[in-house]
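Engineer: Single-letter residue listing:
Protein chains: 2
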Amino acid sequence: MALIVQKYGGTSVGSVERIQEVAKKLLKFKNEGHDLVVVLSAMSGETNRLMTLAKQLNDEPQGRELDVLLSTGEQVAIALLSMTLAQMGVKANSYTGSQVRILTDNTHNKARIMNIDNSRIHADLSAGRIVIVAGFQGCDEDGNITTLGRGGSDTTAVALAAALKADECQIYTDVDGVYTTDPRVVPEARRLDQITFEEMLEMASLGAKILQIRSVEFASKYNVPLRVLSAFTEGGGTLIAAEDPTMEQALISGIAFNRDEAKVTILGVPDHPGIASQILGPIADANIEIDMIIQNTGQDDTADFTFTVHRNDYSKAINILQNTATKLNAREVIGDDKITKISLVGVGMRSHAGIASTMFKTLADEKINICMISTSEIKISVVVDEKYLELGVRALHAAFKLDQEKYV
Amino acid sequence: MALIVQKYGGTSVGSVERIQEVAKKLLKFKNEGHDLVVVLSAMSGETNRLMTLAKQLNDEPQGRELDVLLSTGEQVAIALLSMTLAQMGVKANSYTGSQVRILTDNTHNKARIMNIDNSRIHADLSAGRIVIVAGFQGCDEDGNITTLGRGGSDTTAVALAAALKADECQIYTDVDGVYTTDPRVVPEARRLDQITFEEMLEMASLGAKILQIRSVEFASKYNVPLRVLSAFTEGGGTLIAAEDPTMEQALISGIAFNRDEAKVTILGVPDHPGIASQILGPIADANIEIDMIIQNTGQDDTADFTFTVHRNDYSKAINILQNTATKLNAREVIGDDKITKISLVGVGMRSHAGIASTMFKTLADEKINICMISTSEIKISVVVDEKYLELGVRALHAAFKLDQEKYV
Numbered sequence: 001m002a003l004i005v006q007k008y009g010g011t012s013v014g015s016v017e018r019i020q021e022v023a024k025k026l027l028k029f030k031n032e033g034h035d036l037v038v039v040l041s042a043m044s045g046e047t048n049r050l051m052t053l054a055k056q057l058n059d060e061p062q063g064r065e066l067d068v069l070l071s072t073g074e075q076v077a078i079a080l081l082s083m084t085l086a087q088m089g090v091k092a093n094s095y096t097g098s099q100v101r102i103l104t105d106n107t108h109n110k111a112r113i114m115n116i117d118n119s120r121i122h123a124d125l126s127a128g129r130i131v132i133v134a135g136f137q138g139c140d141e142d143g144n145i146t147t148l149g150r151g152g153s154d155t156t157a158v159a160l161a162a163a164l165k166a167d168e169c170q171i172y173t174d175v176d177g178v179y180t181t182d183p184r185v186v187p188e189a190r191r192l193d194q195i196t197f198e199e200m201l202e203m204a205s206l207g208a209k210i211l212q213i214r215s216v217e218f219a220s221k222y223n224v225p226l227r228v229l230s231a232f233t234e235g236g237g238t239l240i241a242a243e244d245p246t247m248e249q250a251l252i253s254g255i256a257f258n259r260d261e262a263k264v265t266i267l268g269v270p271d272h273p274g275i276a277s278q279i280l281g282p283i284a285d286a287n288i289e290i291d292m293i294i295q296n297t298g299q300d301d302t303a304d305f306t307f308t309v310h311r312n313d314y315s316k317a318i319n320i321l322q323n324t325a326t327k328l329n330a331r332e333v334i335g336d337d338k339i340t341k342i343s344l345v346g347v348g349m350r351s352h353a354g355i356a357s358t359m360f361k362t363l364a365d366e367k368i369n370i371c372m373i374s375t376s377e378i379k380i381s382v383v384v385d386e387k388y389l390e391l392g393v394r395a396l397h398a399a400f401k402l403d404q405e406k407y408v
Numbered sequence: 001m002a003l004i005v006q007k008y009g010g011t012s013v014g015s016v017e018r019i020q021e022v023a024k025k026l027l028k029f030k031n032e033g034h035d036l037v038v039v040l041s042a043m044s045g046e047t048n049r050l051m052t053l054a055k056q057l058n059d060e061p062q063g064r065e066l067d068v069l070l071s072t073g074e075q076v077a078i079a080l081l082s083m084t085l086a087q088m089g090v091k092a093n094s095y096t097g098s099q100v101r102i103l104t105d106n107t108h109n110k111a112r113i114m115n116i117d118n119s120r121i122h123a124d125l126s127a128g129r130i131v132i133v134a135g136f137q138g139c140d141e142d143g144n145i146t147t148l149g150r151g152g153s154d155t156t157a158v159a160l161a162a163a164l165k166a167d168e169c170q171i172y173t174d175v176d177g178v179y180t181t182d183p184r185v186v187p188e189a190r191r192l193d194q195i196t197f198e199e200m201l202e203m204a205s206l207g208a209k210i211l212q213i214r215s216v217e218f219a220s221k222y223n224v225p226l227r228v229l230s231a232f233t234e235g236g237g238t239l240i241a242a243e244d245p246t247m248e249q250a251l252i253s254g255i256a257f258n259r260d261e262a263k264v265t266i267l268g269v270p271d272h273p274g275i276a277s278q279i280l281g282p283i284a285d286a287n288i289e290i291d292m293i294i295q296n297t298g299q300d301d302t303a304d305f306t307f308t309v310h311r312n313d314y315s316k317a318i319n320i321l322q323n324t325a326t327k328l329n330a331r332e333v334i335g336d337d338k339i340t341k342i343s344l345v346g347v348g349m350r351s352h353a354g355i356a357s358t359m360f361k362t363l364a365d366e367k368i369n370i371c372m373i374s375t376s377e378i379k380i381s382v383v384v385d386e387k388y389l390e391l392g393v394r395a396l397h398a399a400f401k402l403d404q405e406k407y408v
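Protein chains in written order, with my numbering: chain L, 1 to 408; chain U, 1 to 408.
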């Protein structure tokens, strides 16, 4: 008997039949004696339908009104699930974000949760009811409806689990867990039973798009055990939790990669203090997000400065950099939008030497040239030509025997 | 400069283009210096779409959850209109029923408004904003979402007008006012400039389906001048207001009729006290609504008892009555589901004799047999064979010269 918060995404409630499947799943958990709080996204397609309507009437809809509009999507879903449960003889109540009172700041469209009133939820659970909460939404202090931004339902679920001190927060999605790498690239990729918050953050931010980064940060901060499972198939999924020193630890948890990167380099800039901000300032002003940054000393007291951006921002970044190059009297601006980033992630590497050299040797054996290297405590990333993506990831997956469970 | 509450129905906001038309209309009123509070229904079709989803999941959805579901319809409409106004440079804020705080009792699906908090609305109006309110909905004391039932947006508008002490409540619909009778039956039917609350109540309940009866009752109770206008064409519509003794008064305001009636008669029941309730009790228990009731003394200390019901309830009523007839030892049960009711309505008839006899003579001249007669202070209703409906209404419309303005 546990208190479990479960979140189902838009695909999981995308049709009458799927809502019925979710209800059956809930009934099973209920019959096992668990207390259940369920967070739902809008039925798939609904948010886009509403957005299309809005855009026909206003190029840039006001944030406040967009939240009034979009929050209806989840509201429809929670009512429908509650009705389905009632039809099956299961007592349930649905609540919008405002009704629970999920209090947020007033940043419309990407509000942050400030506080959750759990009194109504506890009362319903005590009365034997399943509680269904609209994800993605809350209200500010003045009662204005707010939304948390895309994927915010994950955040709602984790925040509720934290507020209710739930035993586990289960995120049901269309994949059955977190894999050592993308199975479409490496058929031998293995589902991980467990991964730490830190590893998941590195995996997620590097392009393994399973969970909202923010919800993982939130879960980590409040130490809420988070489990990713499939809404459509059976299985234990992957548990994302705090590092447990008593537990055996995998050396490498997974290999993430990102196909959307491009790199730009400004060569021969005068090597003096403040040069980095002179180069990156105009980039940031143009709202271009930067990922890896590398600065090398070049020839004759000059430096070479390289960073990666999203591929969509490539031409914009090159243009800005050419202006900067003229101002700074730099030698040249070059770039490449046919690159990819491959990252090894694992808390085990903290206590283990030799990971980096194995990684570089593996790539070298495949004749893959490394353009950039960046490391953190639990991750090593390399940038290579995009044509080597599959070859590189497969080679590394095999070299670190990720198809087998292997502990440090 | 006035404070006006305007209500637009589902057809008026049924598409992106129509929402834009409403916004233009509002801009015009705003530019004339009026303060505006706008009440919207859900886009036409939306409520049915949601209802269909619900019915697929539950034959009889819980009232509470149905309200959570259906209230999203208006919420979408108010956000879209607010965005449209913003695109035109007009400041506006939208509010759900809960957000305004339209407090209702907790009778889900047909809640009654208890109180309206007008502080946010006044603050917005003072700040020069148009206030847009979701019709048809409110919340109970515990914050549960409630709805007022079909057509409830009219009630919301009138209740807001009363709470705000608005100068006028304008109901925009797909007809351009209240007519002396249905123009499809009598092409000479004339739009009334003005009609009293009482007359409108008689007209509405008799089948002229323009306004919700409840909203007219509400307007009458709080003396809110109510105007029915077309959302699609220009024109002053019809003002529904309290009777004004200083004003010229039409003799007859209009002719209402109802095609959906059936009559049932139980003949030869023992004429003793309590007989009416013995007959009507089982009918009421079966949730059959009764309209006209007539009791005549029959032969040999027995009575004949006739009443009308909705045509859909005809067979059910006959069956119940046959049981009753056996119990009461009555002679016979007969009925007719091919009847229609025609009613003359007008406050002028209170002070004028001879209306009834003119009515009966007009029908007799057309060889129309009258099956039942029922009268009230401001109305005379007759039941005739349904084949005489058009003939009867046209003859009466001509006899009372309703195609011309005529005052007592």
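It is worth saying that the hints were derived from the structure and are not from the lab.
A couple of the hints might just be wrong.
When chains are identical, the list treats them as one kind, so a pair holds in a single copy or across two.
For lysine to any residue, the following SDA-like pairs were computed, each having C-alpha atoms within a straight-line distance of at most 20 Å [to be verified]:
#, residue 1, residue 2
1, 24, 351
2, 387, 86
3, 30, 101
4, 91, 143
5, 55, 16
6, 91, 2
7, 110, 236
8, 24, 56
9, 25, 56
10, 24, 60
11, 110, 401
12, 25, 239
13, 91, 27
14, 55, 17
15, 338, 391
16, 91, 56
17, 55, 86
18, 91, 60
19, 338, 259
20, 91, 108
21, 110, 214
Please read these numbers as outputs of a predicted model, since none were measured by experiment.
Engineer: Reference check for the pair residue 24 and residue 56, CA-CA at most 20 Å: within, between, both, or neither?
Structural biologist: Answer is between: at 16 Å across copies they meet the 20 Å cutoff, but 39 Å inside does not.
Engineer: For the identical chains here, do residue 55 and residue 16 meet the 20 Å Cα criterion within one copy, between copies, both, or neither?
Structural biologist: between (28 Å within a copy, 10 Å between copies)
Engineer: Treating 20 Å as the Cα threshold, decide for residue 25 and residue 239: within, between, both or neither.
Structural biologist: So residue 25 and residue 239 pass the 20 Å test inside one copy only (19 Å; across, 56 Å).
Engineer: How do residue 110 and residue 401 come out at 20 Å by Cα distance, when the copy is not named: within, between, both, or neither?
Structural biologist: Classified as neither: same-chain Cα gap 40 Å, cross-chain 65 Å, threshold 20 Å.
Engineer: Reference check for the pair residue 24 and residue 351, CA-CA at most 20 Å: within, between, both, or neither?
Structural biologist: neither (45 Å within a copy, 68 Å between copies)
Engineer: Between the shortest in-copy and the shortest cross-copy C-alpha distance, which are at most 20 Å for residue 55 and residue 17: within, between, both, or neither?
Structural biologist: between (30 Å within a copy, 13 Å between copies)
Engineer: Checking residue 91 and residue 60: alpha-carbon separation at most 20 Å within a copy, between copies, both or neither?
Structural biologist: between (41 Å within a copy, 14 Å between copies)
Engineer: At most 20 Å between C-alpha atoms: does residue 338 with residue 391 qualify within a copy, between copies, both, or neither?
Structural biologist: The answer is within: 15 Å in one copy meets 20 Å, while 82 Å across copies does not.
Engineer: Given identical chains, is residue 110 near residue 236, meaning Cα to Cα at most 20 Å, within a copy, between copies, both, or neither?
Structural biologist: Answer is neither; intra-copy 32 Å and inter-copy 45 Å both fail.
Engineer: Is it within, between, both, or neither for residue 110 and residue 214, if the alpha carbons may be no more than 20 Å apart?
Structural biologist: within (11 Å within a copy, 41 Å between copies)
Engineer: Given a CA cutoff of 20 Å, do residue 91 and residue 2 count as a within-copy pair, a between-copy pair, both, or neither?
Structural biologist: Only inside one copy: residue 91 and residue 2 sit 18 Å apart there, 49 Å across copies, limit 20 Å.
Engineer: What label fits residue 91 with residue 56 when the C-alpha limit is 20 Å: within, between, both, or neither?
Structural biologist: between (40 Å within a copy, 18 Å between copies)
Consistency with the previously given hints fails for numbers 1, 2, 3, 7 and 11, ordered from lowest to highest.
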